[in-house]
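Listed below, chain by chain, are the residues.
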Amino acid sequence: MHEKTHEPLIHITKRAFLEPWKALIVRICAVLLALLTAGLFIVLLTGLNPLEVYAEMFKGSFSTNRKFWILLQKTAMLLCIALAVTPAFKMKFWNLGAEGQVLAGGLACTACMFYLKDSLPNWLLILIMIAASVLSGIIWAIIPAFFKANWNTNETLFTLMMNYAAIQLVSFCIAKWVPNGSGVLPILNSSTKAGWLPTLFEKQYFLNVLIVAVITVVMYVYLKYSKHGYELSVVGESQNTAKYIGINVKKIILRTVALSGAICGVSGFLLVSGTGHTISTGLAGGNGFTAILVSWLAKFNPFIMVLTSLLISFLQRGASQIASSYQMDDSISDIVTGIILFFIIGCEFFINYKINFRKKEDK
Amino acid sequence: MLTTLAHFISASIIQGTPLLYGAVGEILTEKSGNLNLGIPGIMYVGGISGIISGYIYERSTQAPNPYLCIIITLLSALIGSALMSLIYSFLTITLRANQNVTGLALTTFGIGIGNFFGGSLLGFFGDSGSIALNATGAAYKASLPFASKLGLFGETFLSFGFLTYVAVVVAIIASYIINKTKVGLNLRAVGESPATADAAGINVTLYKYVSTVVGGAIAGLGGLYFVFDYIGGTWTNNGFGDRGWLAVAIVIFALWKPKSAIFSSYLFGGLYICCVYIPGLTNSDKELIKMAPYIVTIVVLILTSIKKKRENLPPASLGLSYFREER
Amino acid sequence: MATAAIELKNICKRFGSIIANNGINLSVYNGEILSLLGENGSGKTTLMNMISGIYFPDEGHIFINGEEVFIRSPKDAFKYKIGMIHQHFKLVDVFSAAENIALGIESKERFNLKKAIEDVKAICDRYGFEIEPEKKIYEMSVSEKQTVEILKVLYRGADILILDEPTAVLTPQEAQKLFAVLRKMKEDGKSIIIITHKLHEVLSLSDRVSVLRKGQYIGTVKTSETNEAELTEMMVGRKIELNIERTEPVEPVKRLEIRNINCKNREGVQMLSNINFDAYSGEILGIAGIAGSGQKELLEAIAGLQHLESGEIFYNNPKNGKAENLRDKTPLQIKELGVRLSFVPEDRLGMGLVGNMDIIDNMMLRSYRKGKSLFVQRKKPRNLAEKVINDLEVVTPGPTTPVRRLSGGNVQKVLVGREIAAAPTVLMVAYPVRGLDINSSYLIYNILNEQKQKGVAIIFVGEDLDVLLELCDKILVIGSGSITGIVDAKTATKEEIGLLMTKSNGGASNA
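Protein chains in written order, with my numbering: chain A, 1 to 363; chain B, 1 to 327; chain C, 1 to 511.
Hints in this document: simulated from the structure, not taken from any laboratory.
All the pointers check out, no bait thrown in.
Where chain B lies over chain A, by a calculated footprint (3+ residues, C-beta under 8 Å):
#, region
1, 153-164
2, 167-173
3, 277-290
4, 327-334
5, 337-347
We put the beta carbon where it would ideally sit given N, CA and C, even for glycine.
Please work from the sequences and hints to get the whole structure.
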């Protein structure tokens, strides 16, 4: 009456633990496989030989001094936003709103430049700009955090919506400031350079890179050695334990997300005052989302984030190089990024789970 | 005045249709507990798949057959977007990867695919100029021949291309399946409590895969509608804009109900376009009005979380992967 | 002899290094009620989950009506007409009863909820259930939910029913109703396995009893040929001489006074009713009881983690002689009052420790706030970690190893080590030796005795009655949230406590 059934062919169980070096090998294999797949994709499109493809990609970042500095600048900006989202993520608060928080910061900064012009000494103006950026970033981040802490409102969707509210706010301000309806705000104060972050060592991006480097170290220390960092890790790991030792969980959520917003605000400041000297809705350029991946891939370690953001920036620059050499669209870099991410995201499975194949032979 | 209103309604429907496809697709996906933030990318891929196949077909023949134009592009859009959701499904369901991260990566990837092929398609074939698939565009835009003769009513409600009506039909069918059939009951159970569904003998993995892939394919039609019906068979990089995220917002606004999504999509479409119809608005006012959909979505999100009325909350397991032997 | 409806042979299941089931044999016949008896953690639920397709056994064979089968999923289990009513109900909250019952049914007919409702009503009439099929689960009481679970299984035509502690959440009246239904099913020729701790239920309901202890199969007896004493012995084991040293209490002073406390859990079920007792310094007060009788809530109430409906908790501060009321204070407020309260919770990695943090960071959980510095001081915690590793013989690669990677016994040593390092005046420990080997267990007993010598008031929630009898000074027995007795550990017997533990709720103590 009953059909004969067999033991399942594949049986998946959760791993208790995988040695770090084995996990590292899995991840390296994933990156290599991803590079291979991305290379194959480009080879199929261009008909180049694979080695040339990689050589060309390398050129995208290292062939000239200028390209190298662009790589550094791109890496720094991506890294800065990744550092911003990290404390919130470590606390398991899914802040998908970095894009909006960066815009909010950038907008406040632009507003200062637009209205104050050169009425103040430059150092004072820049200080005011930093304060305004940080404050706006905090406001944009703390709204969803407030509702999360009190009513457990879904922060993933909330922060996502805040991004587009910010985009529209920027469009609104640009339309206010540029009466001709072009929707493009020209570079501000280009003659007086008021509110421009100074150029050091004749390198425009030197100060940006330096500031982000400082934030990286500070963030590492904050997460690893400060009481705040310790508290947010406990809350992220187990709210039960946090309550058991008397941590006020709501307070920690608000404080940590505010910090996240503040650094996003700084990123906005750097992108306006230190880079473009103007604002558009594409200020963050999708980095708000890519940063989440950078932070997640680095397992929230700021120093490893330097490597992951460098890897992604390098690939994007390399892909752009190929695109321009072979008259293809620049968006190929997004495709390559996507491929890399899929592989690294997927490889986590092999670190957390074990696949057992059927032991017994069928009877 | 009446004419303006009629034009406004018709424009709202046109703006709302791609959103409706995206929202219904995402509702179907989320009902299984998968939060697919890759929807914006999938919609781009839906659009570009149609463009690529349509371009190859129109290039191969002197007189493109409108029916073939539609069949070819429709099928490729469905396949393209289904493949995209298959990537998402494999990573999140089989490999149990984090849904947020996977979805965001998929969006990056999908928008990249759209813009890349949109920008380099002509180059691959050694052509120059810009993409203009007039025959296919016209085929999609074709409306009932007698619509224009029915005066204002015909112009307002009957003058659209067929995909506009298909969107409504798809939403109604989705609503019927989710609420009235056994498959829908099982699907909702999977999204609410996969462990319960599993214990009841439902194949959780299969349900998640099918609803995510079908949902993705439906969302892809939104992109297809946009490139052929709305802009008539052309492609502009990033032309689709943030409509994908607006579709995700509608899912929340419509409280995960496909029928409410019909109205919500047209409402959001109306909010998107209304500034054109209100006289005396400055450019900046228009931008502020465009913020409205996001703000109302946030308000809905807050209110539902405070009220905690069980029927209005997201599917309980949304965003979590399921592993039977979890202890 | 007839073929068993279901027979298990040599079933083994491991979770990582924990052996949940080891070589279990079991059989149930048609028209029979079998009780599966065992203490918490003896592997009953794991075993049943393998019959219902939730887990897959590592070793062993399952036979249905004499034929070997592989149950790979709940779907397979249905195919063999097996239905399980889980202790934690598997119901979709936003669905109605009828929708839950119809869930996952495969039939060729068109889906028709109305017909399902009629079918459900027919089953209800047959067995005497009362239920509103269109009521939503989240609006239902616990016993209604359980009824839905049972209906779900019957609707699928199950012939083998497994009930995991079905009476744990029911009032005595509801339990009697359930038993009547189960007897009716038995008359219908169904096989029923009921997991329980309650001896009187076993004796009044079942035909045979199988006993598990610590993942091992102990044996099966006919109910008509056994009695409470024999079953208790099978369940808890023979009296074993442990040779735990029991020192005399040192100048006992009333440290904690618990007065009439009542509390409910999140579902609104009464977890503690009118609890009254005192804990003295220099004494070990044991708390015995079936798992889930309110032990957790009691300790958490004292630690400031559980909201009380009524009652007071007084702490007599030895420093200034003041009596502080700890009711509704947070753990931090309790600490700020100068109350040195240490608590080793039952859920070691989910509450007492952070699994992904290393030993040093776990040592600081209680003490990291000290000082005005913005940064945490890891020097003292490191010294403490090294001291604990040394003194308690924690087996670990080093103090920077995440505690998740340590074995159960070593995790516990880290937790206990931290809690006693705070020089407590009250020390509460919940199941401190669960999952520990003999040596580690003795180490813990010795620590508790040392603390007792130092004048600490110790509250020890345990499950092994031999240990409680040899280690504690007094034993408080708790049953269904009420105190069923307080006995002197030097004179009490195991049987006496066992009977107090299984005393039915709704009895004299609850009135």
